[in-house]
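*Asks:* Sequence:
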Amino acid sequence: MNPNDQINTVWRVCDNNPEGVCHCDWRLTINNCAEEKVMRIIYIINVALSSLTVIFGKCYYDYDIPYIIVRDEYQANSIIQHAIVFSGFYMLGKRIIFQGHSLFGRGDSARKGIFRPKPVECLLLMITIFSVLRLVSSLVLVLDIAPTNMIFRSFIFEIPWQWGYGGFVLYLIGIAQTLAESHKAIATGWLPSPILVDIIGFTQLLFPFVVNNTCSIIAGAMLNAGNDKVAEIFIRLLYIFWFLEDSVLTLAVVWAGSRLISVLNRHLYQFRVTGDRYTSIKGGIMKIKLIIVIAAIGLSGFAAFLLLYGILRPMIMTSTVGSAVLGGIWTWLGAFMCISCEAAVAIRYVFFPKWPTPKLVFQILQQIRTPEDPAIPATTIPLNTPRIILKAMEEIAPALLLLLH
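Going by this note's numbering, the residue at position 34 of the sequence shown is 78; the numbering climbs one at a time, nothing skipped.
Derived by calculation from the structure, the hints in this document are not laboratory data. Quick reminder that beta carbons are idealized off the backbone N, C-alpha and C, glycines included. Just so you know, not all the hints are guaranteed correct.
Stated by the list, open to error - Quick list of simulated restraints, FRET-style, between CB atoms:
#1 Ile-243 - Ser-363: 40 to 50 Å
#2 Ser-306 - Val-65: 50 to 60 Å
#3 Pro-358 - Arg-310: 47 to 57 Å
#4 Ile-391 - Pro-358: 39 to 49 Å
#5 Arg-310 - Ala-190: 50 to 60 Å
#6 Ala-265 - Ile-243: 27 to 37 Å
Produce the entire structure from the sequences given, and follow the hints as far as they go.
*Replies:* This is the structure we're talking about:
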């Protein structure tokens, strides 16, 4: 079966006119369609955008990432002109190999949680995998690879999004575990327990891989078999599931991120943090805010588009302009989210070059253990701070610093 010869199927609909103009589901094919030219350009640009997050561009500086504070307009313009293309592979390798970070922490008990992903490292890993898979899926459509295999086409389009979604889930779990460790210390209100974070986070991570892949594979199989009605049902179910998953994750990221920012701000106030540590924590708060905003805008945007596509798919498909506009936003939004997240992680090197080091971590712990030490400035930790809070801060300080870093 040659899909380009098929008309009026779930993924290819032809107008009832002498010209025989056909509209395609650009998720599965773009050949011989009214949207072919514009969607081909969109996918080629997406290949370039995805490559930016995978391949490190040329750097005009003598060091890996610029430790620069913008002091004047000339320097700001120089940074823009000689901007670095931040690569997921490069940044991830730098953090793990050279800076000694890891993808997962040790969760030795229910008190601290078992599933403990490092937020930034896991986010970088997942969005880099997402970018590689999106590059591949775009090339499949541009080069028209395996045009008759709808199972492959459906699967290769859907699988990248689950990795991108998983990156934000792991970032959320990292935030939630840090919040759980701050419970009864400087946080107020209800906070999830580590074991609850494990259960909810692991379920939220695996659900799209199991359910969404099942829907996409069955939909592709039904398209191959010519059973369009069943295929249409599973396509709609797929995007209803995506809408629910993205909506829940958006709310969870905003809630957990806001609570963590509140904890960090309270830490700055209660412990009168000054100097490099103050700059570091403020920079970490800025990074967390940026990632929360990126996640909230991107995930809520996807949720809206997916719901719209699931409900109005036939109408959208038969509108050349509407289909192309939705296809462009849908295709590029994921790439821009990845680039924005990498920039948010790297931006602290520009505006907050002095960052917590292992030595600083030990200094913080030492200050918490012995606040009466005369060598420590009196403004570092109030002497009347309850010992229970000092003990709690001793436990959560490493988690906070790892998250900020």
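*Asks:* Please name the hints from earlier in the document that this structure breaks, with their numbers sorted from lowest to highest.
*Replies:* none
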